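To get my numbering, take the position in the sequence shown, counting from 1, and add 739.
Pairwise CB distance ranges (calculated):
1. Gly863 - Thr999: 42 to 50 Å
2. Gly863 - Val985: 45 to 53 Å
3. Leu877 - Trp818: 31 to 39 Å
4. Met870 - Arg1028: 42 to 50 Å
5. Val1066 - Leu951: 33 to 41 Å
6. Pro852 - Pro1001: 57 to 65 Å
7. Gly860 - Leu951: 16 to 24 Å
8. Asp1030 - Ser815: 27 to 35 Å
9. Asp947 - Pro886: 22 to 30 Å
10. Pro859 - Arg1027: 49 to 57 Å
If you are wondering where the hints come from, they were derived from the structure by calculation, not from laboratory data. Computed from a predicted structure; not experimentally measured. All residues carry an ideal CB built from backbone N, CA and C; glycine is no exception.
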Amino acid sequence: MSSPGAKTYAKPDTGFAWLRMFGAILVVFEHCFPIIEPTRITSLPPSWNISLGYFALMAFFAMSGYQIADSWRRDSSWWRYLLKRVLRIWPPLLFVVMVTAFVIGPLVTVLSPHEYWGNPGTWGYVVNNAMLYPLQHLLPGVFTENPYPYSANGSIWTLPMETTGYLIVLVVGLVGGLARGRIVLFPLLLAFMVADGFIGASVGFHGDAGSLFSVPLGSMVAFLVAFVAGMLMHAYRDLIPLRPAVAYALVALYLVANFTPPIEPATRFILPIAAGYGAITWAYHWPRRLDGYDQWVYPSYGMYVWGMPVQQLYTLAGVRDSYLLIVLAVPTAYVCGVVSWRLIERPTQKLRIYLRVPDEPRSGTGRPASNPDTEITQVIPAVPPPPRRPAPQVARFGPRPGAPVPPLAHGREHRN
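Model the full structure from these sequences, guided by the hints.
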């Protein structure tokens, strides 16, 4: 049976794809401010203690938790799961770090060619970032004279956190925590929330836990709260209704709490729930008229990882106004994302046909019936309504169904 809103809304994977594109645009938009003025970490007034990019990252992580948990539900083979994650994350990452180090770097570095190619940091940039742990933000002599010389590509700082979330899904899935043992997700979420409360990471502040291989632990814990919340929403999708009114109410609650000093500390826990529930709900309630344009929004990952190199290049060329940088960098980053999608991501995603589930139905051509182009957003079927009860009772229907730039240590910003 189709879901009650099947004729009204687009496919969930379409909604997720659009939301990821909007999130990538928001992150690139927000980065245009600290790139020009490093002490300004958001487009909004500092007194508001709100960052659109931070909100988008919370939504990213919640959607990932939901979608990756669904990927495990559809295929619980640990090795196929890991290979799918590798095909998703690493090809575009390797592409951007290699182009940055081997093409952009030699053209813009203040070092001589001999110094640049002879510097271990040039090769370490590719090797370290390809491994994700440790991250390496600096390339020798590259962008050192820009207003923000602290990272050649700060956008990739969330990718180690994302892959850590993938490992959490793997471990929880292997012990049955995404099926009959789903109740274990509650103490897991609580543990991350408690840790987040103690560490105190927020917008512009990584918390008091230090870093592991250049990855700030406080920020990772904060984002993994949203990731695990997404996992929990997927595990209990048969019991959690996805209602737009509730999503709007949660966002409103976050805003009210943010501007109400006595309860402002609670926004640390409201934000990941509001962003996560809102994103997942809107994905399932995406306008059907936007169905069919998926190819134009699939480049979100490429746009995300290419955003900062593009911004740094425009800044190197002399741009010193954040709004002009927005006008230039957002469309350019999108074009780079399209190139990444068409030349790197889509071809590598098609390799997933060799990772199909053994009993997966195949089309008449002998290939899996699913389309690798849509698998990029982890197609999630609508949660079926519960079965009808015997007469005379009336049938009961169930519910339908990543950065900020690595900030400087310039003091407390706010609580999230």
